[in-house]
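Protein chains in written order, with the numbering used here: chain L, 1 to 263; chain B, 1 to 444.
Certain hints may be false.
[What the hints assert, rightly or not] If we take Cβ atoms under 10 angstroms as the criterion, some of the chain L residues that face chain B in the derived model are:
#, residue
1, S62
2, E113
3, L178
4, K181
5, R244
[Claimed, not checked] Covered stretches of chain L (chain B as the covering partner; in silico rule of three or more C-beta atoms under 8 angstroms from a C-beta of chain B):
#, stretch
6, 4-11
7, 16-23
8, 158-169
[As the list claims (entries may be wrong)] Derived DSS-like pairs: lysine-lysine, alpha-carbon spacing no greater than 27 angstroms straight-line:
#, chain 1, residue 1, chain 2, residue 2
9, B, K135, L, K249
10, B, K441, L, K184
11, L, K95, B, K269
In case anyone wonders, no lab produced these hints; they're calculated from the structure. Keep in mind that this is a model prediction, so the values were computed, not measured. Note that beta-carbon positions come from the ideal geometry of N, C-alpha and C, so glycine has one too.
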Amino acid sequence: MSENLIVPTMAEMLAQGKQPEVLFWVGCAGSFDDRAKKITKAFVRILNRANVSFAVLGTEESCTGDPAKRAGNEFLFQMQAMMNIEVLNAYEAKKIVTACPHCFNTLKNEYPELGGHYEVVHHTEFLKSLLDSGRLTIEGGQFKGKRITFHDPCYLGRANNVYEAPRDLIQKLDVELLEMKRSKANGLCCGAGGAQMFKDAEPGNKEINVERTEDALETKPDIIAAGCPFCNTMLTDGVKNKEREGDVKVMDIAELIANAQDL
Amino acid sequence: MSYLSNVLFAIVLIIGFGYFYSNVKKIIRNINLGVAVNRKDNAKARWRNMAMIALGQSKMVKRPVAGILHIIVYVGFVIINIELLEIIIDGLFGTHRIFAPLGVVYDFLIGSFEVLAFLVLFAVTVFLIRRNIVKLRRFIHADLKGWPKSDANYILYFEITLMTLFLLMNATDFHLQNVPGGFSHFIKAGSFPISQFIAPVFNRMSNELVMLLNEGFWWLHIVGILIFMNYLYFSKHLHILLAFPNTYFANLNPQGQFDNLASVTAEVKLMMDPNADPFAAAPVSENEAPSKFGASDVQDLNWVQLLNAYTCTECGRCTSSCPANQTGKKLSPRKIMMDTRDRLEEVGKNIDANKGVFVPDNKSLLNDYITPEELWACTSCNACVEECPVNISPLSIIMDMRRYLVMEQSAAPMPINAMMTNIENNGAPWQYSQQDRLNWKNEI
Chain L
1 MSENLIVPTM
11 AEMLAQGKQP
21 EVLFWVGCAG
31 SFDDRAKKIT
41 KAFVRILNRA
51 NVSFAVLGTE
61 ESCTGDPAKR
71 AGNEFLFQMQ
81 AMMNIEVLNA
91 YEAKKIVTAC
101 PHCFNTLKNE
111 YPELGGHYEV
121 VHHTEFLKSL
131 LDSGRLTIEG
141 GQFKGKRITF
151 HDPCYLGRAN
161 NVYEAPRDLI
171 QKLDVELLEM
181 KRSKANGLCC
191 GAGGAQMFKD
201 AEPGNKEINV
211 ERTEDALETK
221 PDIIAAGCPF
231 CNTMLTDGVK
241 NKEREGDVKV
251 MDIAELIANA
261 QDL
Chain B
1 MSYLSNVLFA
11 IVLIIGFGYF
21 YSNVKKIIRN
31 INLGVAVNRK
41 DNAKARWRNM
51 AMIALGQSKM
61 VKRPVAGILH
71 IIVYVGFVII
81 NIELLEIIID
91 GLFGTHRIFA
101 PLGVVYDFLI
111 GSFEVLAFLV
121 LFAVTVFLIR
131 RNIVKLRRFI
141 HADLKGWPKS
151 DANYILYFEI
161 TLMTLFLLMN
171 ATDFHLQNVP
181 GGFSHFIKAG
191 SFPISQFIAP
201 VFNRMSNELV
211 MLLNEGFWWL
221 HIVGILIFMN
231 YLYFSKHLHI
241 LLAFPNTYFA
251 NLNPQGQFDN
261 LASVTAEVKL
271 MMDPNADPFA
281 AAPVSENEAP
291 SKFGASDVQD
301 LNWVQLLNAY
311 TCTECGRCTS
321 SCPANQTGKK
331 LSPRKIMMDT
341 RDRLEEVGKN
351 IDANKGVFVP
361 DNKSLLNDYI
371 TPEELWACTS
381 CNACVEECPV
391 NISPLSIIMD
401 MRRYLVMEQS
411 AAPMPINAMM
421 TNIENNGAPW
431 QYSQQDRLNW
441 KNEI
């Protein structure tokens with residue numbers, strides 16, 4: 001069963017002589033990772049509901065190069081960046097939205113020096129702007145009264161000072177927003193950043209994602225909210241490690257909003 | 001004969017400041033071993049950072065107990081140094097309390113110095129307790145064995161000694177000011193809210209003995225300050241000077257923005273240029289040393305990173321907030337900074353010993369000081385950068401060394417190599433075809 005998602009590509013748009021309001025940068029996780037694909041779809045459902053004119057690059061999208069850069073491979077990063085910039089500039093992309101803080105940070109901060117100048121927003125910021133402008137309305141729905149804690153992704157929070165947009169969205173759901181002892185600028189990494197997602201951790205006495213999940217579970221949440229596909233995976237694994245998958249869910253903010261609206 | 005002490009004082013001052021000057025020159029030379037990087041832009045934001053963070057201690061108070069105690073010691077240090085001016089003038093010209101004619105202002109100054117000296121004694125005592133009795137985790141960490149551990153304690157002992165000498169000096173002075181009918185040159189001047197309570201100790205002594213003690217305390221105090229000043233170079237205490245330039249020259253970009261290596265940009269552009277001749281030899285510049293990608297030794301780091309290393313106070317806030325360190329991995333951002341300084345000092349000594357040239361010593365920052373295991377444990381989360389009270393970035397050094405491991409040595413861990421191969425071949429860190437990027441649209 002297909003879900004009737006309307007997902008135009010930039011190429012299709014161009015063929016019709018149209019320029020979308022915003023380019024949705026899906027990212028590798030959002031394209032290929034089974035868990036992250038659900039976030040991608042939830043976000044598209046919201047875009048469709050709010051009648052946002054958007055498009056994706058589809059098969060023309062490629063890795064931003066973030067994991068290569070953080071691993072130290074500046075060559076590979078710049079190759080990726082310059083190829084992506086050529087594509088984006090060819091479509092005259094102006095505004096980009098992405099659900100991955102790693103793509104967000106790289107596109108926003110590291111592409112301009114290489115010739116890629118775009119207005120880049122994280123999906124939580126974009127959703128917030130839809131709400132503020134009245135293009136989207138949400139009510140608590142099924143989450144009313146639930147206890148939700150938000151984990152700050154490093155590349156959204158500390159790296160780019162986006163702390164309020166995700167929290168504002170959660171509060172719109174009529175829920176109880178709980179802060180972990182380490183949050184915002186003092187937040188603890190999920191353990192995936194800096195290309196750690198793609199390798200085993202160095203010897204230690206604990207996994208970082210378990211440490212972080214403990215922070216989250218201390219708030220006695222029903223839901224741990226995340227704003228990053230990598231954090232989502234790490235925290236989901238952490239919750240499984242603690243054998244709490246029965247009563248604690250890890251969800252992206254886009255999923256919270258889409259589910260609240262029964263989209 | 002009466003000029004003897006003035007001359008002696010001048011000699012002591014010249015030795016003290018002269019040695020200090022020669023060490024400052026050495027620091028500047030060592031920092032300039034680093035690669036050039038432009039940190040002169042946006043002066044307004046830089047001054048603001050320095051005012052808020054170094055002068056205003058805004059990041060210190062994130063941990064309130066240490067923060068407030070530190071502010072006491074810091075304000076005490078800055079203000080009591082005004083007293084130093086009087087001491088130097090008195091010492092050189094044989095005067096006594098030269099600023100005394102300021103009257104009420106002088107009373108207020110001396111009074112506030114005394115109160116601050118007392119508060120500093122209190123704060124430093126708490127610091128000693130935190131380090132040696134309460135044993136906060138970051139102070140008994142493996143990084144701080146040996147010299148760094150004793151250095152921290154020496155500084156505190158030094159401060160106790162200097163403050164005690166200052167109060168004793170004032171107490172003897174106060175005692176002599178109040179000798180009925182006056183004594184020698186001890187005019188009534190200043191106010192002594194703290195040392196007046198110490199003064200009675202001297203009640204049974206002869207005036208001559210108290211005067212001798214007064215001069216003794218005075219000399220010990222000033223000589224102590226000069227020794228302390230020269231101790232800075234060898235100590236983590238150097239931060240009291242370097243915190244200011246360090247916050248001024250700190251990175252102003254968003255923390256997530258890593259620099260794009262310009263040397264790589266040039267090569268990648270050439271690679272991607274369809275008109276470039278693939279067989280053409282790279283243009284060779286005669287005067288240019290072949291540049292390395294990334295950093296394996298201190299000379300490959302930029303001068304701000306080296307300034308960072310000298311500025312580090314070894315407080316360990318970075319390490320205590322590092323996710324890798326908290327979960328028992330070897331990485332400690334503080335150790336990265338300490339290793340960088342140690343290696344830089346070693347390189348500096350090598351240059352001194354070889355008449356101004358560095359003679360390769362078969363050692364490097366990478367491997368001999370910092371191991372790849374430490375470097376690969378970093379999640380690049382910026383917690384260490386956020387925590388540092390003086391805006392040091394251990395992360396930038398970690399990243400530059402990873403770049404060396406990957407681009408010069410191809411020494412990434414196997415799974416990282418696999419990830420990079422996937423990006424190269426498929427445009428994704430996983431082994432999926434780029435043609436399948438939009439498949440999610442039609443999946444259930």
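Results for each hint:
For S62 (chain L), the interface hint holds, since its Cβ comes within 10 angstroms of a Cβ in chain B; the closest pair sits about 3 angstroms apart. Interface restraint check for E113 (chain L): the shortest CB-CB distance to chain B comes to about 5 angstroms, inside 10 angstroms, so the restraint holds. The interface hint given for L178 (chain L) is broken, as the beta carbon of that residue sits about 21 angstroms from the closest beta carbon of chain B, more than 10 angstroms. Restraint check, K181 (chain L) versus chain B: the minimum CB separation of about 12 angstroms is more than 10 angstroms; hint violated.
For R244 (chain L), the shortest C-beta to C-beta distance to chain B is roughly 19 angstroms, which exceeds 10 angstroms, and the interface hint is violated. Coverage of the stretch 4-11 of chain L by chain B holds. Counting CB-CB distances below 8 angstroms, 3 residues qualify, and the rule asks for three or more. Coverage of the stretch 16-23 of chain L by chain B is violated in this model, with 0 residues showing a Cβ closer than 8 angstroms to a Cβ of that chain against a need of three. Check result for the stretch 158-169 of chain L against chain B: holds, 4 residues qualifying (beta carbon to beta carbon below 8 angstroms, three or more required).
A C-alpha spacing of about 39 angstroms is found between K135 (chain B) and K249 (chain L), which places the hinted pair above 27 angstroms, so the restraint is violated. The straight-line distance between the Cα atoms of K441 (chain B) and K184 (chain L) is roughly 33 angstroms, outside the 27 angstroms bound, and the hint therefore fails. Of the supplied pair hints, the one linking K95 (chain L) and K269 (chain B) holds, its CA atoms being roughly 25 angstroms apart against a limit of 27 angstroms.
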